[in-house]
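Which chain is which? The protein sequence lines are A and B, in order. In terms of the numbering used here, the first sequence is residues 13 to 636. In terms of the numbering used here, the second sequence is residues 52 to 449.
In case anyone wonders, no lab produced these hints; they're calculated from the structure. One or more hints might be untrue.
[Claimed, not checked] Covered by chain A, per the in silico footprint, the following chain B stretches (three or more residues, Cβ under 8 Å):
id, region
1, 269 to 278
2, 285 to 296
[Claimed, not checked] In silico EDC-like cross-links for lysine to aspartate or glutamate, where the CA-CA straight-line distance does not exceed 20 Å:
id, chain 1, residue 1, chain 2, residue 2
3, B, Lys-143, A, Glu-194
4, B, Lys-255, B, Asp-297
5, B, Lys-78, A, Asp-353
6, B, Lys-347, B, Glu-336
7, B, Lys-421, B, Asp-391
8, B, Lys-97, A, Glu-600
9, B, Lys-143, B, Glu-105
10, B, Lys-143, A, Glu-354
11, B, Lys-96, A, Glu-354
12, B, Lys-78, A, Glu-354
13, B, Lys-338, B, Asp-391
14, B, Lys-143, A, Asp-593
15, A, Lys-289, B, Asp-391
16, B, Lys-347, B, Glu-118
17, A, Lys-289, B, Glu-248
18, B, Lys-97, B, Glu-336
19, B, Lys-372, B, Asp-350
Quick caveat: nothing in here was measured; it's all calculated off a predicted structure. Ideal placement from N, C-alpha and C gives every residue a C-beta, glycine not left out.
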Amino acid sequence: MTLSAFLIQLLNGLAGASSLFLVSVGLSLTFGVTRVVNFAHGSLMMLGAYIAYSLIAGLGGGAAGYWAAVALSALAVAGVGVLIERFLLRRLYGAPELLQLTATFGVVLIVKDVVLALWGPEDLLGPRAPGFSGSVNILGSAVPQYDLLLIALGPLVLFLLTWLLRTTRWGILVRAASEDREMTAALGVNQAWLFSGVFFLGALLAGLAGALQLPREPANLNMDLAVIAEVFVVTVVGGLGSIPGAFIAALIIGVAKALCIAIGELAVFGVVLSFPKLTLVAEFIVMAIVLALRPWGLFGRPPALPRPSEQRELLRPPGRPLHVIAAAALIFMALLPLFADEYTLVLLTDISIFALFAASLHFMMGPGGMPSFGHAAYFGLSAYAAALLARTLPMESALLIAPLFAGLAALVYGWFCVRLSGVYLAMLTLAFAQITWSIAFQWDAVTGGSNGLTGVWPAQWLSSRRAYYWLTLTAAAIAILALWRIIFSPFGYALRGVRDSPLRAAAIGIDPRATQWAGFTIAGLFAGIAGALYAFSKGSISPETLSIPRSIDALVMVLLGGLQTLVGPVLGAAVLTSLQDSIVRHTEFWRATVGAVVIALVLFFPDGLAGIVQRMGVRGRHPT
Amino acid sequence: MLRTLKLAMVLVCAAMLPLPAAAQAIKLGELNSYKTFPAFLEPYKKGMDLAVEEINRSGGLLQRSVELVVRDDNGNPGDAVRVAEELLAREKVDVLMGTFSSAVGLAVADFAKQRRFIFLASEPLTDKIVWENGNRYTFRLRPSTYMQTAMLVAEAAKLGKRRWAIVYPDYEYGKSATAAFRQLMTAQQSATIEFLEFPAPLGKIDAGPVVQAMADARPDAIFSSLFAADLAKFVREGELRGLFRDQAVFNLLGGEPEYLDPLKDEAPVGWYVTGYPWSAIATSEHKRFLDAYRAKYQDYPRQGSVVGYSIVMTAAAAIRKAGSTDTEKLVAAMQGLVVDTPFGRISYRAIDHQSTMGAYVGRIAVKDGKGVMIDWRYANGADYLPADDWVRAHRPAD
């Protein structure tokens, strides 16, 4: 590569970085202040692109019309953002942490279907930007003028936002709220208005980013999920709430990607490395490295010493009513094959597997206090291990051994992850999951690449739907009961002690990190059991078992069910799976319908579905 | 009171009993990633509905009407297998068909083998579904990645270019296309050829740097298997950066209306593509299809419409020939089955269960502000398949 080629690629990287920063900065802002993990940020960006496409066509040609359309679409998306904040998120600020995530997941599903219904399925390529439609010659290469505009826009937005946050009264209040929400509220600042304002600005920036993307990319239905992971990475690598941090993070990732592409294939010690293939996970590799070195991102600061968390009720061993109900439910499910149709068994096999998967995530998030956005790593890894082992071993042994690989991965990944906390921890789990996913996706010779592996069927005696259902039911029930047993073992109490007060736990001789590490590993191992059962129930596996949607599904199940209960994840898995199964059949807009139902559930049962059960009087034993 | 209750129970039970078989429609169970790939699959569904309507209007099959049971597989193999279970166990469909992506197609094909049930794969392009992973119960309609690449190679080899830049989406389809292109080009041309590869993540191509890297490599010609948003980004960046100037460019699938139409007047003139020039095909079988489609939907057909229409016609032809909906009889009927499609008469090869449906090969031009295919010819799929010995060596015995 010549020097001039290298410099041009650097320029390309800067353009990509600027565009990435513009999408991310809105999330960084809202995330920093409201702590809302807004999955719908990518959807807002997509909406911006679509609205801009229509407005540009509607306002006719000419530069004035074009740029007015860009500004108007940003405003329109800002309006949508305020609506989401006002009617959805505001009702959830008091709810358990991360519940807003479930609500915004519902929004993602709805926006996708609405966009499909309004704009149709075909990609919509917008016109080039007037005044920036050509290219200029730099060092003998043609560089699009629009790239140069983007390179200028990134720092400009950074400058404007910094000015806004540093000097205006509103900005000072926003910063105060980022530091300490409760204190700001106690000083008489109207939080509702502040949050609405932040959301307005965040959504405005998302919409603007979408509109600005239009000359580079057609408006399409995959925009939302294509950017959302990357946007979170930028926010976290920069440090929560740090706008300059987001800028630097976008710069690192944008330039790293461009250089990977520029380097191409390279032989190192006789091994040919294909750097362009790395772009699949470049941002996650960057994030893993940054978080391993700086647990709060580049410019983030450790949060002020956590206040004693809000008084929650101590989770107690289930009382007799729950024992009776659980036993009755199990007996009923065991007898089901005698009268239910075959498909019911298939569906219940899925539900049992997901219930165990969700329960393992719940173990980590609820009692363990370690949120994870990448739990599918252990589910999928074990599924792959099962498929590969079954080639040489009997299926039964493969089923037993495979989860150990998931446990092993959790042991390794966990060592890094337990050094962090909160969203940073969750994002590091995501990074590991994505790196695992990309290996499975690209290692054709072993994992079958994007196709995955087929022919992973159970042994003859388990091959009927009925037999496999019984096996799954038994295994899942035993595993879930074991998880519950662990929660009420001395280890479980230690885990919860570390979650609520690491300092006090350390003072009485509990090693917080070791305890969390063990908890992390156990959660991975049990997710692995679910993964191995899943592989043999489907007969094939693909990288999808390791993917972000798989992790998100589990997260939504846990949060729907209720984080601080035992039966929550089981209920959440049953509800979400059967919801998806039944709604798909009955309406064309099944995605939006699932989204709407999820939002309704979150609004009506902020404590989770298990909250209903508790209200019905099935409480834990109280010491009297 | 008790008597009323008993009566009610009897009535409920009666309602649950299956209807007499004679009145029952033949059920075609179709699963696809409707919400994941709507640009292709909405026209696909319209094509299927048109076919079912035509069949029923002409008296159905085996004196029974035909009914489509359509399910969304959510674009992932795990859900697809569950949906397939539902179609078999609860809906009791007579034929299983559909799927879009290679991963889902292969998973359902393996499921069909396990449950010993006929599966007509309509769209997945992966070569493995008929060769390495082929099985007794699975048949595939569309010309595969290998076949369509071979159609383009026939043109590419004529140019005698030595240095090829290959850009592709980094997953099964793009990798197979690249591998097939390299293998076929090397076999066709005696001179040594250099291939430079530029993989890009599916749906997330970083077009600026990729185009720049390709330009820096100074190739003689370009082979691309990009599609959808990736293709649009590549075309725009490439034009801006002058990558395509005086360059021969080949793009698999680039002429399919699904991917060509969004480019509008920026459709890259002169590119060699496979696709579907719907407005210009004058054969009587296509004209009949085109008229019927436009009359029903007031819209023109896309590539997906033809695939959806033809897969239903395939199922119908198989059921007619077998005189039954028994899976084993259908599998027997599928061997060498002849089907009339909008692209003309095709047959399903007994050796590997691949249909001989072809594709149109031509070059892109812009007419009235829209991309069209010109100088095209129909490439019959039968002419672009490897030798039988090769197939036997690569396909597992039943």
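Against the structure, the hints come out as follows:
1. 269 to 278: Result for this restraint: violated, n = 0.
2. 285 to 296: holds (count 5)
3. B/Lys-143 / A/Glu-194: Cα-Cα ~59 Å, so violated.
4. B/Lys-255 / B/Asp-297: violated, 27 Å
5. B/Lys-78 / A/Asp-353: At roughly 19 Å apart (the allowed maximum being 20 Å), A/Asp-353 and B/Lys-78 satisfy the hint.
6. B/Lys-347 / B/Glu-336: holds, 17 Å
7. B/Lys-421 / B/Asp-391: violated, 30 Å
8. B/Lys-97 / A/Glu-600: holds, 14 Å
9. B/Lys-143 / B/Glu-105: violated, 23 Å
10. B/Lys-143 / A/Glu-354: Given pair B/Lys-143, A/Glu-354 holds - Cα atoms ~11 Å apart, limit 20 Å.
11. B/Lys-96 / A/Glu-354: violated, 28 Å
12. B/Lys-78 / A/Glu-354: holds, 18 Å
13. B/Lys-338 / B/Asp-391: With a Cα-Cα distance of about 13 Å, the restraint between B/Lys-338 and B/Asp-391 holds, given a limit of 20 Å.
14. B/Lys-143 / A/Asp-593: Holds, because 17 Å separates the two Cα atoms, which is no more than 20 Å.
15. A/Lys-289 / B/Asp-391: Answer violated: A/Lys-289 to B/Asp-391 is near 43 Å, above 20 Å.
16. B/Lys-347 / B/Glu-118: holds, 18 Å
17. A/Lys-289 / B/Glu-248: holds, 11 Å
18. B/Lys-97 / B/Glu-336: holds, 18 Å
19. B/Lys-372 / B/Asp-350: violated, 33 Å
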